[in-house]
Amino acid sequence: MPNLTVVGAQWGDEGKGKAVDFLARSAGVVARFQGGPNAGHTVCVERSTFTFHQIPSAILSPKATCVIGCGCVIDPYVFEHELAALRRKKVPLGQRLVVDCRAQMILPYHKQLDRLRDEQSSRQRIGTTGRGIGPAYADKVNRTGIRAGDLLSEEVFNDKLKHNLAAANFMLMDRYKAEPIPFKSAAHAYWQATRRIAKMVGDGSRVLGQALQRGGRVLFEGAQGMHLDIDLGTYPYVTSSSTWAGGVSPGTGISPVWLEEVVGIAKAYTTRVGLGPFPTEMSETEADRLRALGNEYGATTGRPRRCGWFDAPVVRASVRHNKLTALIITKLDVLDSWEEIKLCHSYRFDGREFPEFDPFHAAELSPQYETMPGWREKTSGCRSFGELPVRARRYLARLEELCACPIALVSVGSERSQTIPFKSNKLRWLRQ
Numbered sequence: 021m022p023n024l025t026v027v028g029a030q031w032g033d034e035g036k037g038k039a040v041d042f043l044a045r046s047a048g049v050v051a052r053f054q055g056g057p058n059a060g061h062t063v064c065v066e067r068s069t070f071t072f073h074q075i076p077s078a079i080l081s082p083k084a085t086c087v088i089g090c091g092c093v094i095d096p097y098v099f100e101h102e103l104a105a106l107r108r109k110k111v112p113l114g115q116r117l118v119v120d121c122r123a124q125m126i127l128p129y130h131k132q133l134d135r136l137r138d139e140q141s142s143r144q145r146i147g148t149t150g151r152g153i154g155p156a157y158a159d160k161v162n163r164t165g166i167r168a169g170d171l172l173s174e175e176v177f178n179d180k181l182k183h184n185l186a187a188a189n190f191m192l193m194d195r196y197k198a199e200p201i202p203f204k205s206a207a208h209a210y211w212q213a214t215r216r217i218a219k220m221v222g223d224g225s226r227v228l229g230q231a232l233q234r235g236g237r238v239l240f241e242g243a244q245g246m247h248l249d250i251d252l253g254t255y256p257y258v259t260s261s262s263t264w265a266g267g268v269s270p271g272t273g274i275s276p277v278w279l280e281e282v283v284g285i286a287k288a289y290t291t292r293v294g295l296g297p298f299p300t301e302m303s304e305t306e307a308d309r310l311r312a313l314g315n316e317y318g319a320t321t322g323r324p325r326r327c328g329w330f331d332a333p334v335v336r337a338s339v340r341h342n343k344l345t346a347l348i349i350t351k352l353d354v355l356d357s358w359e360e361i362k363l364c365h366s367y368r369f370d371g372r373e374f375p376e377f378d379p380f381h382a383a384e385l386s387p388q389y390e391t392m393p394g395w396r397e398k399t400s401g402c403r404s405f406g407e408l409p410v411r412a413r414r415y416l417a418r419l420e421e422l423c424a425c426p427i428a429l430v431s432v433g434s435e436r437s438q439t440i441p442f443k444s445n446k447l448r449w450l451r452q
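So the sequence shown is residues 21 to 452, counted in our numbering.
Be careful, since some hints might not be right.
[What the hints assert, rightly or not] As a list, the in silico DSBU-like pairs of lysine-lysine whose alpha-carbon atoms are at most 35 Å apart:
| # | residue 1 | residue 2 |
| --- | --- | --- |
| 1 | K182 | K109 |
| 2 | K219 | K204 |
| 3 | K131 | K219 |
| 4 | K180 | K160 |
| 5 | K110 | K83 |
| 6 | K109 | K219 |
Please keep in mind that the hints were generated in silico from the structure rather than gathered at the bench.
For clarity, every value in this text was computed on a predicted model and none was experimentally measured.
Could you put the whole structure together from the sequences, leaning on the hints where they help?
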């Protein structure tokens, strides 16, 4: 049986939550392999809206076991909030959620240090979400992090927290002139907040390995987007983990030999949250219009997203790095009312044509556009490729051509049912 990896092909917020919810209907196991509560996946099912930051969005599929992999960082307060929301909406959980014992925990000092560093950086702000992601991953690399498995012993947890808090408080007081965090109250509050997570701690890699060995259908769910990758993205305006398909193995503990198909999610236009280069960014007037039509506000922070036209070289780079099997294009319906739609096919840089996206020179790339006529018809009610307006079909065909990758599915709304098969036969996952 096939397995499938889902990654964002732009700068995040591409609609991966809805895509995973749709694709996971036939999955036996679904695993998040990186990221933390800085990423929000929004899913609409039967007029109910769910926003997930920690728990895999496939938890809504009643047959799927969900794994939070060792490449993730976990905020227990966000985790508990999401569990409570699922209970209120009567989503059955049972034993379907496994937290890998190696996953790193986000502590209160991580969030405080994250905010202070970004606020007081005189040299270079990143525009982080302030959720403690970077400091938590820094502790992981420094080999001082507290992992989910440490929550099984209060003595082990307290010993590690005491050591880490001493170092964090020194940084808070010495560098940022902030108040220290008292050990006793912090330890008690955090220990209580993690009691539900502790009951779900297990070996996620074993769960995944056993599923793959018996031929089960396994889906790997990425967060953020390819161009926010810590190594391959627009550094330093990136996240702290590996967001591309290459992050699956270290983020789950399974061999890369198992990995088969990879699907990239891309909007029919482009958005970005926070700072960093964005070649196809629109004028503020155009961005305001698109933001209103597409509800382009961060699911995690509520910040207005920066908006721009579709950038084919950006997506083409994702196709190359991830060896994408196919693309899923989302939010096509947001463009329904536009008279003309711009499409970046290449750039000019240093006085010459520059066909590919280069993260080192991204801020200096001048986008070269072609303009296509808009279709000026509603697509949200379309349920097949043939029902789409002719100009919308031409737009999708041009995206395929420029990105050098087939489009398997097209989303024309937030509901599961608003998903159109395009060239779904290109994905073995959808054929079986």
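Cross-check of the supplied hints:
1. Taken as a hint, the K182 and K109 pair is broken in the structure, with Cα atoms around 38 Å apart against an allowance of 35 Å.
2. Using a Cα cut-off of 35 Å, the hinted pair K219 and K204 holds, with the two alpha carbons roughly 23 Å apart.
3. Restraint check for K131 and K219: the C-alpha separation of about 24 Å stays at or below 35 Å, so the hint holds.
4. Straight-line distance between C-alpha atoms of K180 and K160 comes to about 13 Å, which keeps the hinted pair within the 35 Å bound.
5. Using a Cα cut-off of 35 Å, the hinted pair K110 and K83 holds, with the two alpha carbons roughly 15 Å apart.
6. Proximity of K109 to K219 is assessed by CA-CA distance (about 21 Å); at most 35 Å being required, the pair is judged to hold.
Comparing the model with each earlier hint shows a violation of hint 1 alone; every other hint is respected.
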